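Participant: Quick note: the sequence shown uses full-length UniProt numbering, first residue 1, plus one each step.
Everything labelled a hint here was simulated from the structure, so no lab data went into it.
Here the structure is a predicted model, which means the values were calculated and not measured.
Keep in mind that the hints are not guaranteed to be accurate.
Stated by the list, open to error - Quick list of the computed label-pair ranges, beta carbon to beta carbon:
{"no.": "1", "residue 1": "Gly-50", "residue 2": "Met-1", "range": "34 to 44 angstroms"}
{"no.": "2", "residue 1": "Ile-43", "residue 2": "Leu-5", "range": "19 to 29 angstroms"}
{"no.": "3", "residue 1": "Glu-39", "residue 2": "Lys-2", "range": "31 to 41 angstroms"}
{"no.": "4", "residue 1": "His-19", "residue 2": "Thr-59", "range": "12 to 22 angstroms"}
{"no.": "5", "residue 1": "His-12", "residue 2": "Glu-39", "range": "16 to 26 angstroms"}
{"no.": "6", "residue 1": "Gly-21", "residue 2": "Asp-48", "range": "31 to 41 angstroms"}
{"no.": "7", "residue 1": "Glu-45", "residue 2": "Met-1", "range": "10 to 20 angstroms"}
{"no.": "8", "residue 1": "Asp-58", "residue 2": "Glu-17", "range": "14 to 24 angstroms"}
{"no.": "9", "residue 1": "Gly-50", "residue 2": "His-26", "range": "27 to 37 angstroms"}
{"no.": "10", "residue 1": "Ser-3", "residue 2": "Gly-50", "range": "29 to 39 angstroms"}
Every residue gets a Cβ at the ideal spot worked out from N, C-alpha and C, and that includes glycine.
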Amino acid sequence: MKSFLVDVFAIHSRGQEMHLGGGLFHAVTAIEAETMASEEFWIEELTDRGFEIGFRTDTPERGQQVMSLERLRAASGTALYA
Numbered sequence: 001m002k003s004f005l006v007d008v009f010a011i012h013s014r015g016q017e018m019h020l021g022g023g024l025f026h027a028v029t030a031i032e033a034e035t036m037a038s039e040e041f042w043i044e045e046l047t048d049r050g051f052e053i054g055f056r057t058d059t060p061e062r063g064q065q066v067m068s069l070e071r072l073r074a075a076s077g078t079a080l081y082a
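Using the sequences and the hints given, assemble the complete structure.
Facilitator: Set out below in structure tokens:
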């Protein structure tokens, strides 16, 4: 297990960005840590309003990522209960 510092954002195509929360997550990979963070902080109604989920993770290979919840679910291979 590694520790990943993950910040979670809701990002709209019109440029609006909301910080939802963040923290230190213990996981094997950055994607797994991002999945854990989204389960803790994502609000499902934001998807209905056109927002995507975004992450800033403390690893150089990840950096800032913006993706749909569907892409995150596919990448992590687990169900999200947001």
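Participant: Look at each hint and say if it fits the structure.
Facilitator: Verification of the supplied hints:
no.: 1; hint: Gly-50 <-> Met-1: 34 to 44 angstroms; verdict: holds, 35 angstroms
no.: 2; hint: Ile-43 <-> Leu-5: 19 to 29 angstroms; verdict: holds, 21 angstroms
no.: 3; hint: Glu-39 <-> Lys-2: 31 to 41 angstroms; verdict: violated, 18 angstroms
no.: 4; hint: His-19 <-> Thr-59: 12 to 22 angstroms; verdict: holds, 19 angstroms
no.: 5; hint: His-12 <-> Glu-39: 16 to 26 angstroms; verdict: holds, 21 angstroms
no.: 6; hint: Gly-21 <-> Asp-48: 31 to 41 angstroms; verdict: violated, 20 angstroms
no.: 7; hint: Glu-45 <-> Met-1: 10 to 20 angstroms; verdict: violated, 32 angstroms
no.: 8; hint: Asp-58 <-> Glu-17: 14 to 24 angstroms; verdict: holds, 19 angstroms
no.: 9; hint: Gly-50 <-> His-26: 27 to 37 angstroms; verdict: holds, 32 angstroms
no.: 10; hint: Ser-3 <-> Gly-50: 29 to 39 angstroms; verdict: holds, 33 angstroms
Taken one by one, the earlier hints fail for this structure at numbers 3, 6 and 7, listed in ascending order.
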